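Student: Given next are the chains, with one letter for each unit.
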Amino acid sequence: MTDLATPTYATMRRAVSEAAPGVTKFNPLSRIIAHDDFNSGLHGWVQLSGNYDAAGNLDTMEPQMSDFRPPQISSCNFYDVGTHGAVSGTYAMKLATRPVKGHTATAIRRLTMPVRGKVQLEAYFTYKSEARALDPKNAPPKEWDGNYHPSEDLFGAFTLGSDMDDGTRYHVVARYMNTTMDNVPDRRWYAPTVVEPTGKERFDGKVNYSKLDDFTAPNPDDWKPFSEPQDLCYNEVPTKINWHYLRWQFDTETRTNVELQVNDITYDTTHVDVPLYTEKYRSLNGLLNFYFSVRTHADVRNFLYIDSALISIDW
Amino acid sequence: MTTVNESLTVLIERNAEFDAEFVTEPYEVAWAREARWFVVLDEAPEAFDFRLDTEISPDGLDWCPLEGVSTHVADQRVTSWAVRDFGGWLRVRGAVTGTGQAKGSVFLVLKA
Chain V
1 MTDLATPTYA
11 TMRRAVSEAA
21 PGVTKFNPLS
31 RIIAHDDFNS
41 GLHGWVQLSG
51 NYDAAGNLDT
61 MEPQMSDFRP
71 PQISSCNFYD
81 VGTHGAVSGT
91 YAMKLATRPV
101 KGHTATAIRR
111 LTMPVRGKVQ
121 LEAYFTYKSE
131 ARALDPKNAP
141 PKEWDGNYHP
151 SEDLFGAFTL
161 GSDMDDGTRY
171 HVVARYMNTT
181 MDNVPDRRWY
191 APTVVEPTGK
201 ERFDGKVNYS
211 KLDDFTAPNP
221 DDWKPFSEPQ
231 DLCYNEVPTK
241 INWHYLRWQF
251 DTETRTNVEL
261 QVNDITYDTT
271 HVDVPLYTEK
281 YRSLNGLLNF
291 YFSVRTHADV
301 RNFLYIDSAL
311 ISIDW
Chain L
1 MTTVNESLTV
11 LIERNAEFDA
21 EFVTEPYEVA
31 WAREARWFVV
41 LDEAPEAFDF
51 RLDTEISPDG
61 LDWCPLEGVS
71 THVADQRVTS
81 WAVRDFGGWL
91 RVRGAVTGTG
101 QAKGSVFLVL
111 KA
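Read top to bottom, the protein sequences are chains V and L.
Numbering (the working numbering) for the first sequence: 1 to 315.
Numbering (the working numbering) for the second sequence: 1 to 112.
None of these hints come from the bench; they were simulated from the model.
Predicted model only: the values in this text are computed from it and were never measured.
The C-beta atom is built at its ideal place from N, Cα and C for all residues, glycine as well.
Okay, derived cross-link-like pairs now, SDA-like style, lysine to any residue, Cα gap no bigger than 25 Å in a straight line:
no., chain 1, residue 1, chain 2, residue 2
1, V, K200, L, R14
2, L, K103, L, T9
3, L, K103, V, G199
4, V, K118, V, R13
5, V, K211, L, V40
6, V, K211, L, D42
7, V, K200, V, S66
8, V, K118, V, Y9
Calculated Cβ distances over 10 Å to all of chain V for the following chain L residues:
no., residue
9, D19
10, F38
11, L41
12, F48
13, G68
With the rest of the complex left out, here is chain L (with noise of 0.2 Å):
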């Protein structure tokens, strides 16, 4: 019998309002080995600056930078970055700058 990589898309934040500065809820993802983040708004940004950098854990509690990836900027409606070699927890730190409602969605995609 054949078997297929495991994949599993989520919705770490979903039609959501962000601010000026956050983070994004833990998330668990030793089991994979690759993934891909889309940042996905409501409308393209104008009046702001979105900026989000990838943050890795070895509990959920403890946070730094991964190491070698630049921040993403979110500067068209949809935008999407890739990461690797993350270890067993990923989040996002964003921040907010200027004018106008940066409000969407978050998404992980995720492979074994």
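Here chain V stands alone, though its shape is the one from the complex (with noise of 0.2 Å):
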């Protein structure tokens, strides 16, 4: 039934943005806070990198922390058929791992928090192992039989990330794990139960990771899933990309997950812990990071696609 009633500022501002090219895709919370399709740069959109020291020398970067790759600007370009192109016109972002067993491509954007209360994650992706990849040192989890193609058991994992800091500081993560590190199916989506290893414990001298270590959780015994198996759309063969909605909330006001939801599931997250660092950090108040990453299972270059990303809060 339609509602006659005079509209507000706020339900005009909102039906405006929602109406807007571009944002009719998304389902935002109300106060959109970036928009980012990549026709226009990167915006924002940078290799994560560690911490250095006070001489600049990277030598003293966390060696886990110090290759996640540049992104790119891509086209979707591949050897079968040319530009694929993206969602909203030519260009994605595209994260790519090297092709070496537990390399990871990392993307953050950084903010801090204007207000507390729901943060909201949307974005279209779709995820590639490197065509023509297989040598005999990347034996095929299962031969090619028509329809299946081993190339999507040599895509990894990817991960959604956040790095937040109110006073206490914790990080809201969420992966898809499509095989495990034997490139075995898996599918499940996973959320760690350590904080990320920090530059400050290494200084310590507490732990030493090294450069293919995977900096979210290191140990994959940290990691546990909180879904039954998803099963995306791969589409096959590693040359036609197919694009997935996401959506990623949590609560900043709360420091809890709420849900995620990917295409027509959507899983209540609000059980699955945030786990949070003890220790207390200066020149982080109101940190608002998010980042995506792709991490390969086999020496074969991993992709993550992201067309279009937008961040909303209820604010």
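Using the hints, build the complex out of the two chains.
Tutor: Set out below in structure tokens:
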């Protein structure tokens, strides 16, 4: 039934916002902070990088944070079809790993919290392992059978991450584990049960991880699934890209997960614990970072494509 | 509303030790009209020779030299060369000969 009441400023603003080109395919909270379609640059998404010493010596960087690769403005270009293009126009943001098992590519967007409350990251994404990447050292988990293509199981995992500090620092994280480290299909969503290692811990000699360790939570036992397997649309071969809708929400007032929607499945994540740092940080007040990362579980480049990303806040 | 041309600076290799022969990771540049490479080494080469060739690709898989661009010799701590008409992908093929450590970063500066 049509509401004939005089619209308020808030309802008008929301209506105009939601009808804006590019925004109608999203379901934002009341105020849109960022809308990135990657047809006009990377919009502040940049390679995540570790800390370094006062002299600027990059040798002092944590090894597992030292090689996340620069994101690319990709036309989704493939050997068999040329330019595939993205959802909105020609370009998407692409994260690409090296062809080295365990390597991670990560792009981060750095904001602060104007208010506390619900925060939401939405995106259209797709994921691929590199075409024609098979050689004897990358034995396919299963052979091509006309439909199934082994490249699907040479894609490792992609992760949605954040970094917040309101006096207490914490990360809210969700990872789609396409396969185990042995390229066996998993397809579940996971969250880490521990906080991310920090440069201070390494500086104090408590930890020292290697370049290929999982920077979010290095010990595989510290990841717990919070969903049943969810099959996505890899579309068989490594050069057909189908875009998936993703909506990921958490609450910075309560420091809790809220929900994760991927296409027609919405997971209630309120029960998924958010590990908190016990040590206090300076110069992070109000920190609100988002990251996407992709990790390969084989000696094959893995790619995560994003077009578009939208960040909104209940404000 | 006026707009400015897009630009993007990335570190294709960062704080890396360069082997005798190497190629950098594929990088998509179809949106850019011009590019400039920078090689920033920790120290100027003295006892080694560091040469870099620009390569292009239709798909990020198969590569060939970019025609008309001569081999770049990184003979000082910071050196640079510019390229145009490179299509959709760029990388460099490098070779280090001699003694000493070639360590530093390779920047790619792109403009639409």
